[in-house]
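Participant: Line order of the protein sequences matches chains L and E. To convert, take the position in the first sequence, counting from 1, and add 178; that gives the numbering used here. To convert, take the position in the second sequence, counting from 1, and add 2; that gives the numbering used here.
Treat the hints as calculated values from the structure; they're not laboratory data. Careful: at least some of the hints might be erroneous.
Over 10 Å on every C-beta distance to chain E, these chain L residues come out as not near it, computed from the model [as the list claims (entries may be wrong)]:
| id | residue |
| --- | --- |
| 1 | Asn276 |
| 2 | Met343 |
| 3 | Ile359 |
| 4 | Leu395 |
| 5 | Leu441 |
| 6 | Gln835 |
Here are some of the chain E residues that sit facing chain L, going by a computed Cβ distance under 8 Å [to be verified]:
| id | residue |
| --- | --- |
| 7 | Met3 |
| 8 | Ile5 |
| 9 | Ile8 |
| 10 | Pro11 |
| 11 | Leu12 |
| 12 | Ala13 |
| 13 | Ile21 |
| 14 | Ala22 |
| 15 | Phe24 |
| 16 | Asp34 |
| 17 | Asp35 |
| 18 | Gly38 |
| 19 | Ile43 |
Every value quoted in this text rests on a predicted model; they were computed, and no experiment measured them. Here a beta-carbon is modelled for each residue, glycine too, at the ideal position from N, C-alpha and C.
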Amino acid sequence: MCCMGCQAVAKAIVDNGLEDYYRHRTEKAQVGEALVPDALRELQVYDNETLQQSFVHVREGDVREASLILEGIVCAACVWLSERHVGAMEGVLAFHVNYSTHRAQVTWDNSKIQLSDILRAISEIGYHAHPFDASRQEALQKKERNRALRRIGIAGVGTMQVMMMAVAMYLGEYQGMDESIRNLLRWASLVVTIPVVTYSGQAFFQSAWRDLKQHRLGMDVPVSLAIGLAFIASAWATWTGTGHVYFDSVTMFTFFLLIGRTLEMTARHKAGQVAEELVKLMPATANRLSADGIESVAVAELAIGDRLVVKPGEVVPTDGVVVEGKSSVNEALLTGESLPRAKHPGDHVIGGTINTESPLTIEVDRVGQDTVLAGISRLLERAHAEKPRVAELANRVAGWFVAALLLVAASVFGYWYLHRPDDALWITLSVLVITCPCALSLATPVALTAATGSLTARGVLTTRGHALETLARATDIIFDKTGTLTHGNLAVVSVTLLGDADEQWLRRLAAGLEGYSEHPVAEALKADIDALELEVIEAETGRGVMGRLDDHYYRLGSLEFIREWHPTLVASGEPGTTIYLASRDAVLAAFHLSDEPRREAPMVVRELEAMGITVHLLSGDNPIAVATIAERLGISHFQAEQLPEDKLTYLRQLQDQGRVVAMVGDGVNDAPVLAGAEVSIAMGKGAQLAQASADMVLLSDNLAVLPFSVEMACRTLKIIRQNIVWAIGYNLLALPLAAAGYILPWMAAIGMSGSSLFVVLNALRLKDGRVK
Amino acid sequence: MEILYILIPLAVILAAVAIAAFVMSVRSGQYDDLDGAAHRILMDDDDPMIPKYGEDKKGKDASGD
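With these hints in hand, go ahead and build the complete structure from the sequences.
Facilitator: Put into structure tokens, the structure is as follows:
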């Protein structure tokens, strides 16, 4: 066991007879942070009616329903564990977790159990639950998906029935069939086709109508024309008992086109879901100072002028000004740099940042939509909404293509009407069906779906459609240093002993002195060390701590702090950060901390260079640190002390040379460069806003998947090209044949389905057979 | 062949039933989680039908077994 938290979780699991969890789990669980009693008390705020309004749905009487996001789920056994543990509680009527999305639905009787109890139970077994406002995008997407499924189902069943009867009719034409039986079959086909056209076909008719109203010719216009004309002609033929019927073409056509559309929609939804998950909720509760003391309130109830207490380790609930206290605040949310900034009374703090050292009292000056975080989210939403250039171009080309298509169809109709009026209609239908860009419209989405699936299995999330295609064309890649090529955490690299004391004892002493601090330097000194228990007397932000053990006083801190006792101390000259430990009598040790590069980084640089991609390193850090890392990793193009504007200038220079640049970063200060690069990749543990704005996210934080991603992107591009060549080639070949009247509508429909099938099977080659 | 006058309309009715069943299944949310069912059947959480002496209803053994 690594900590009391894990031990408590294990005990809870065993006590409830759920040991099967250990037998079935396929992934090791994340080390959860034990919820301190304070945090558990804060859960009670979730019982607040006002807060519940946004995510709790009240059913009859005391029965309530809520949606939650569960954090920490890494495999199927985790889901099973949560469901069993929470489901067994008295008062919980239903608890169901969705394996794919990690959303949970809980229904409970509010008179028997409170929501906070449920949340506490979840944290007992080591997971965190966030309330989730399902009334937004998720619900809309669900509706869209269900509608698409219903349409496909109806089209599918209709197609099968109609094809059965069509086979009978074709055989009848060949062998001879009673006219009455033939009419029966025709009427039956008509009845079955009606729901297909009126319900499933709506997808195309509505879209075509929308396009036409905007005076634009979209892809759905010829499709709607084909379906509509074929249906009307066949209905007429059935009614009058003459001519040919094309119900089989109509239904098959609808069915296969719908499948293509749904694939595209699913990919889009997945991307959207990921983006939403990444921007986690701001804290829902805050500690407000009132006349009676500190009370836990919902952030939604805060007003300007309220005074809040933010303890060390807590997230600042909203924008404000420090009125009391001295501490440092981790602004990694914005900058991606893990070294915190000192805050004194009068300084501004931003909602969403983390207080690291000592309690702060702040006065709220901005709430809700006015906060910095809300403003940045709005900017990002706008950036999302702007379509990538490629899609705009495709839309315009599509308009001309469709116009040409309709012209061809009209002229074919005109020609045959003059020569063989009976056949004019079905020949035109064949032409319309054959030229329908069905395979063409499937070519790209199906390949992208398969590729993103393979990548996701390896821990790379693609949030934008164009990301893969652009990555394949990348000629250069720019890396940020801290947090990207390096872990972003300080670690003790070496210890210089300046006295006689034993190193291990000195490490334990340092860990004990840093006992109460959450500063990254403190974390590095405390990591994996059994701290000595001592009394911390003084802690000064940015300088150091002083403590007492067995009547000896010790100081641990920066050069200047120790110099107050030992003025002759000389700087060690090592790169990175150095912290000194001294007693009143002598300087005892110097701890050298630095940010280690990731183990896989050298190999990744090598493989990328081998693929012909030039690797660059741009960092805001000092030249020595940057040069050291660049040398270790074998990167020849690097720049230090880069401000965001400098990074952007460097990027533009590369792009002016005609190069396609990919950018890998983790902080929001990288945001302008990430937006400027053709394809941007964010690290999974980096600033959340950077993740939300990037085109791809490395969830596993492992750089080794980068060469694989580039290779996958190249393969995807190749397959997309093959698909497009095939689709266009097939169309070009078939069009003259159809115009000449050699292709009957049912042959056209089968040919079209066959070419779509070919395109899909070709794309399946992208599915990586290896499991992660 | 006159039997077809019954069979074909019957087939159409059956198709309508199939469509209704499908629409109902989509509405009930069966398609929301396509991976879950595959994992759930592997989880061995059948509570014993006959509780052992001393066990309460939830299958937890009171004797601490």
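Participant: The structure should be examined with respect to each hint, and the outcome stated for every one.
Facilitator: Against the structure, the hints come out as follows:
1. Not every CB of chain E is more than 10 Å from the CB of Asn276/L (nearest about 4 Å), against its label as outside the interface.
2. With a minimum CB-CB distance of about 8 Å to chain E, Met343/L fails to clear the 10 Å threshold, and the non-interface call is violated.
3. Listed as outside the interface, Ile359/L is inconsistent with that label: its C-beta sits roughly 6 Å from the nearest C-beta of chain E, within the 10 Å cut-off.
4. With a cut of 10 Å on Cβ distances, Leu395/L stays outside the contact zone with chain E, its closest approach being about 33 Å.
5. Consistency note on Leu441/L: stated as away from chain E, and its beta-carbon is indeed over 10 Å from all of that chain's, at 14 Å minimum.
6. Gln835/L, annotated as away from the interface, keeps every beta carbon of chain E farther than 10 Å; the closest lies near 46 Å.
7. The beta carbon of Met3/E comes within 6 Å of a beta carbon in chain L, closer than 8 Å, and the hint placing it at the interface holds.
8. At a threshold of 8 Å, the smallest CB-CB gap from Ile5/E to chain L is about 11 Å, leaving the interface hint violated.
9. Using the Cβ-Cβ criterion of 8 Å, the hint placing Ile8/E at the interface with chain L is not satisfied: the shortest such distance is roughly 11 Å.
10. The restraint placing Pro11/E at the interface with chain L holds, with a minimum CB-CB distance near 7 Å, inside the 8 Å limit.
11. With its C-beta approaching chain L no nearer than about 10 Å, Leu12/E sits outside the 8 Å limit, and its interface hint is violated.
12. Because the closest C-beta pair between Ala13/E and chain L is about 7 Å apart, less than 8 Å, the hint holds.
13. Restraint check, Ile21/E versus chain L: the minimum CB separation of about 5 Å is within 8 Å; hint holds.
14. Interface hint status for Ala22/E: violated, as the beta-carbon distance to the closest one in chain L is roughly 10 Å, over 8 Å.
15. The interface hint given for Phe24/E is met, as the beta carbon of that residue sits about 4 Å from the closest beta carbon of chain L, less than 8 Å.
16. Taking 8 Å as the C-beta contact cut-off toward chain L, the hint placing Asp34/E at the interface holds, the least distance being around 6 Å.
17. Interface hint at Asp35/E: satisfied, since its Cβ lies 4 Å from the closest Cβ of chain L, which is below the 8 Å cut-off.
18. The restraint placing Gly38/E at the interface with chain L holds, with a minimum CB-CB distance near 4 Å, inside the 8 Å limit.
19. A hinted interface residue such as Ile43/E counts as satisfied when its beta carbon comes closer than 8 Å to some beta carbon of chain L; here the least separation is about 11 Å, so the hint is violated.
This entry does not satisfy hints 1, 2, 3, 8, 9, 11, 14 and 19, going by the numbered hints stated previously.
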